[in-house]
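Top line first, the protein sequences correspond to chains A and B. Count the first sequence with our numbering and you get residues 1 to 199, in order. Count the second sequence with our numbering and you get residues 1 to 484, in order.
Think of the hints as simulated: they come from the structure by calculation, not from any bench. Keep in mind that this is a model prediction, so the values were computed, not measured. Every residue, glycine too, gets a C-beta built ideally from N, C-alpha and C. Hints may be right or wrong, so weigh each one.
What the hints assert, rightly or not - Now the stretches of chain A that chain B is said to cover, found in silico as 3 or more residues with beta-carbon under 8 Å:
id, region
1, 30 to 39
2, 56 to 62
3, 86 to 94
As the list claims (entries may be wrong) - Residues from chain A shown here face chain B by an in silico Cβ test under 8 Å; the list is partial:
id, residue
4, M25
5, M42
6, T45
7, R46
8, L66
9, S97
10, S116
11, V119
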Amino acid sequence: MTKPPDDRDQKPTPLQLKDDKSPAMLQHLVAELNARDLVTAMRDTRAESTASATGIANSELIGYALRGPGAPMDFRIERAIRSDRTVGLRYRRMLQSSAIGYSELAMAAGTGTYPSRRVGAFDLRVVEDGRDVFVVLSQSAGGPAGPQALEAIGPDDSVRIPLSEAVRGHIQIAIDPANGDLSRLLKLLGEATTELYLI
Amino acid sequence: MDVAQIDQQTINELNGIVESRRLGAADQKKLANFVAGAIRPNRDRPVFDLVRIIAEIGAKVVAGKPPGRTDVDRCLAVLLGPVGAVVSNCKGKLPTHEIGPLMGFLEFLLMHSDCSYFAEMRRIIGELAHAPAAGREAAVKAAVSDIASRLRAYRTERFPVARHEKVFRSLLGYLGTKPRRTSAIQFDDEDIVAFWDSQIREGNRLLYRTVVKHFLTLETVAADVSAQRAMNDAVSLYDSDDGRVLAPVEMATENVEPIGDPIELRYEALVEFLRTGLPEGVKLLTGTERDRLADLAECGPFTVSRPLTALRYLSFGAVQSGIANFLRRGSGGSDVAGRVDCGDATAYPDVEKGYVKLADHLSKLLLISAFLAAPAGNDNPALASVEPDALAEARREGQGFLKRLKREGFDEAPDVLARSVVPVAGELVQIREVVQGFIGGVGNLQRGAELNSRFIDDKVRFAAAFRAAYLAPGGASTVPGASS
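Extracted from the complex, chain A is given alone in its bound form (with noise of 0.2 Å):
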């Protein structure tokens, strides 16, 4: 079993890639070590930390993401897309991928304290008419079948507004100042960070 000692003298050479077939091997067994030690790291951080940190399960938060325009909201989850940065992010970035058009900034404020937007295939204007006001959502040509829901996300808040059937290329929300979620949203439309998704 064991070789002469001159067998060990022999210095290592590195490896011909050219004509070896090793590089397959080498990356079988980096990878194999890679997920070996992914598997003790996992472990190590469970035994370190107790629970997840916002004790959401991805299926609920994408569930919820997807949620039908009418759908309740859900103040659990509401808060941890809140207080948690990554939980924020995440949830912002499922409803983009299924909305029909997103805004993440204003991008000038306009001439009054609202700023115009726009929202995918939508121009999105807040008219002041005396004591009423109204928020309007105007479909370029062309643009794709209508929305179901407005949703507003801003720093401290968000609002989800179910919207009527499109009348002649336009959608018209009359804000009712005793309803609260309207009044929200309108706040919400004030601040030029504040997000806008058409569900």
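Guided by the hints, dock chain B onto chain A, whose structure is given.
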């Protein structure tokens, strides 16, 4: 530690999935393998399996209805819902034994890098669901290609390659220089120690134990795929640079039917059991016994196939780990100069004697367990084949050992003791098998040369290497490298 190099976001991501899906140890390992690409012979095989499941379920979900905006969401709801529903949707058409980890893998693909691939996955799911039957195969190929290429980029970005690659490159290079070899992955005990020695001489202070583990990995990888296949076949199904198909898709599904856990995994599970799985309150094994058994189980299949390497691992590997720990802590026990000469190394005959004693102790524990299990009746199917007289005799013996064993917890009432001892009897049997396999291997080794003369030869050799590594100018001042 090695593992500090693994991307923390990946670790957290996978742990979240493991926790919410309650994946067991074997499924966790599979999930990690899928993500790291540690699948042989073809690392994209799980991508292919997953894509076929998505296509199958997607087609069912959208069947008979006009395309609608919620199609993908409904597919996702099924795919991410209870695993049982996914399994029943695939039954008879696709292999279902890995669906738990595969759905975890899907979750990872959706969520990784803060969902930056989420929209892309939705598009892929939509295309698979809406593909007409005739175009299904093409849609599957396109999806596998997209996902495989994304994963390749992810791995390049998140997984450390350089250090592992460096050591394996030199290891394969070293074996490649050997004459009279038909394959670059043939090696023997001498190669292992000689490769380690050559690394030491080059100033790369690897632990001997680390090198043994690398050779174990090499053997596992090479055995999994026949060496010929691993070296000649494409590692990936698709060339992600141009989407060109490198291997026929059918290849990916070969041999994916459930097979027993690889041998290596069984040893890993025993090491894990020895570290964390022993019952509390009853001292089946002392701390030292437990550590020695774990050290042996770490040698994996080498305990039987390469007993000399295992002996070196247990004896001189321990000396080097002691030096490494001393350097890390900067204190504790003898200094480096006092250790390099291997005066504390356990002589091979004593190593063997120690494990003979341990095997004996394990046998007694098993007889005790048989005695304790008796009142529970004969519902243990394993005992049905045992002669009743022999079983009765074993239980009498076990009762006798229990009386004489003066260890913490063994004075408990038998029914209390039974609850902690009987459930781990299976593991104790396996550990005893490992020990007995090793003792048998050492017995064969002795036919070649007397154990103590092997020890004396090795002591000279290891001491010289340790001196070169730790006492050469500048040697002992730095902490040695990887210890995994």
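>> For the restraint on R46/A, tell me whether the closest CB of chain B is nearer than 8 Å.
In response: holds, 6 Å
> Is the shortest C-beta separation between M25/A and chain B less than 8 Å?
Replying inline: holds, 6 Å
> Given L66/A as an interface hint, is the shortest Cβ-Cβ distance to chain B below 8 Å?
Replying inline: holds, 4 Å
>> Is the interface hint satisfied for V119/A? The criterion is a beta-carbon contact with chain B at less than 8 Å.
In response: violated, 17 Å
>> Between the region 86 to 94 of chain A and chain B, are there enough contacts, at least three residues with CB-CB distance under 8 Å, for the coverage claim to hold?
In response: As far as the region 86 to 94 of chain A goes, the hint holds, because 5 residues have Cβ atoms under 8 Å from chain B.
>> So, as I understand it, the hint says T45/A touches chain B; can you test that by seeing if any CB pair is closer than 8 Å?
In response: holds, 5 Å
> Within the region 56 to 62 of chain A, is the number of residues with a Cβ closer than 8 Å to a Cβ of chain B three or more?
Replying inline: Coverage by chain B holds for the region 56 to 62 of chain A (4 residues, Cβ < 8 Å).
> Does S97/A pass the interface check with chain B, least Cβ-Cβ distance below 8 Å?
Replying inline: holds, 4 Å
> Can the region 30 to 39 of chain A be counted as covered by chain B under the rule of three residues or more with Cβ-Cβ separation shorter than 8 Å?
Replying inline: Held - the region 30 to 39 of chain A has 10 residues with a Cβ nearer than 8 Å to chain B, which meets the minimum of three.
>> Tell me if the interface restraint on M42/A is satisfied: Cβ within less than 8 Å of some Cβ in chain B.
In response: holds, 5 Å
> Per the CB criterion, is S116/A less than 8 Å away from chain B?
Replying inline: Violated, because the Cβ-Cβ distance from S116/A to chain B comes to roughly 26 Å (cut-off 8 Å).
Against the hints set out earlier in the document, violations occur for numbers 10, 11.
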